[in-house]
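Visitor: Please put together the full structure from these sequences, using the hints given.
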Amino acid sequence: MTSKRIALVVAGLATMILLMALFERSLIFFPTRYPDGLWDTEAVARGSGCVVEDRFFSAEDGVRLHGWWIRRVGSGDDDPVLLFFHGNAGNLSHRAELLFELAIRVPARVFVVGYRGYGRSEGRPSEDGLYRDARAAWRHLTGEGGLPPDRIVIFGKSLGGAVAIDLATEVDPGGLIVESSFTSIPDMAGKHYPFVPKFMVRTRMNSLAKITTISCPKLFIHSKADRVVPYALGRKLYEAAPEPKSFHEVFGAGHNETWLVGGEAYFDAIGVFVAETMNR
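First residue of the sequence shown? That's 1 in our numbering, and the numbers climb one at a time after it.
No lab work stands behind these hints, which were simulated from the structure alone. Just to be clear, a hint being listed does not mean it is correct.
[Claimed, not checked] Restraint ranges, calculated between C-beta atoms of paired labels, are given here:
no., residue 1, residue 2, range
1, Glu122, Asp40, 16 to 22 angstroms
2, Leu260, Arg235, 20 to 26 angstroms
3, Asp36, Asn279, 37 to 43 angstroms
4, Glu243, Arg204, 21 to 27 angstroms
5, Gly145, Gly74, 17 to 23 angstroms
6, Gly252, Asp78, 31 to 37 angstroms
7, Ala265, Phe199, 22 to 28 angstroms
8, Glu60, Gly254, 32 to 38 angstroms
9, Gly254, Gly145, 33 to 39 angstroms
10, Pro197, Val272, 42 to 48 angstroms
11, His192, Arg235, 14 to 20 angstroms
12, Asn279, Ser58, 30 to 36 angstroms
13, Asn279, Gly252, 31 to 37 angstroms
14, Gly254, Ser26, 20 to 26 angstroms
Think of the CB as a built atom: it goes at the ideal place given N, C-alpha and C, for glycine as much as any other residue.
Guide: Now the structure itself:
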């Protein structure tokens, strides 16, 4: 390769890395904003056996957030609560079917948070912003809602796993569920954009360091067939976590298919974990 070609390759890589740095947020967060989505709560819940209520609350920096409070028809105040944090794409309305299944089959009441910039929530997503949203949701449940912290299990999927883990370092929930999640954003960047130096990735979401400090019961869920978040990262996160902890492997499920492929065993694992945390 001539020196001219080498210079062109280096310049091309440098330009690509610069563009990655400039547009980092848009490569991590893929929000779908209102009115795109399913927002008629009565229509969404029809035939599901659940009731959906809109909830509005504010983060500490004043950003107005939206969430859904989901409960099965006939549920009581004794049902535990899953505080659910979804992945990086779409919005909370795209998770309706899974959330209904959790409400009925665990069983539990479910509070799902619309991150800033997603769905009906104001603002623009960022690492610190999502952490603020999680704290606001916790305050909404334990403050205004008057729920005992030990009746709440924090549940995070994919990028939501990093949000859930961060929140669990600051509060004392009944338990923590981490599904199809990763050790850190730089580790994820290394898998999907190996030409970008890790030190240039400003968004950290260092779950590997944080998980070592969380003492509540923990359930990790992952599949070796996950092509978005490598199984090795999920397993490394589990291995770094202190006891008590357990790991449920779903066989043959893609990143967004764990509950569909996992079926009864998937919901049983979550239901047993939640029941055990409530009886500690």
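Visitor: Hints first: check each against the structure and report whether it holds.
Guide: Consistency of the hints with the structure:
For Glu122 and Asp40, the hinted distance range of 16 to 22 angstroms is satisfied, since their beta carbons lie about 21 angstroms from each other. Distance hint check: the CB atoms of Leu260 and Arg235 are about 22 angstroms apart, consistent with the given range 20 to 26 angstroms. The hinted window of 37 to 43 angstroms between Asp36 and Asn279 holds, with their beta carbons roughly 41 angstroms apart. Taking the beta carbon of each, Glu243 and Arg204 are about 26 angstroms apart, inside 21 to 27 angstroms as hinted.
Roughly 20 angstroms separates the CB atoms of Gly145 and Gly74, a value that falls within the hinted 17 to 23 angstroms. The beta-carbon spacing between Gly252 and Asp78, approximately 36 angstroms, falls within the hinted interval of 31 to 37 angstroms. A hinted range of 22 to 28 angstroms is violated for the C-beta pair Ala265 and Phe199, which are about 41 angstroms apart. Separated by about 36 angstroms at the C-beta atoms, Glu60 and Gly254 satisfy the suggested range of 32 to 38 angstroms.
Take Gly254 and Gly145: their Cβ atoms lie about 35 angstroms apart, and the range 33 to 39 angstroms holds. As the Cβ distance of Pro197 to Val272 is approximately 43 angstroms, the hint placing it in 42 to 48 angstroms holds. Range check, His192 to Arg235: Cβ separation about 18 angstroms, and the 14 to 20 angstroms hint holds. For the pair Asn279 and Ser58, the supplied restraint of 30 to 36 angstroms holds, since their beta-carbon distance comes to about 34 angstroms.
The supplied range of 31 to 37 angstroms is met by Asn279 and Gly252, whose beta-carbon atoms lie about 32 angstroms from each other. Taking 20 to 26 angstroms as the suggested C-beta distance range, the pair Gly254 and Ser26 conforms, at roughly 23 angstroms.
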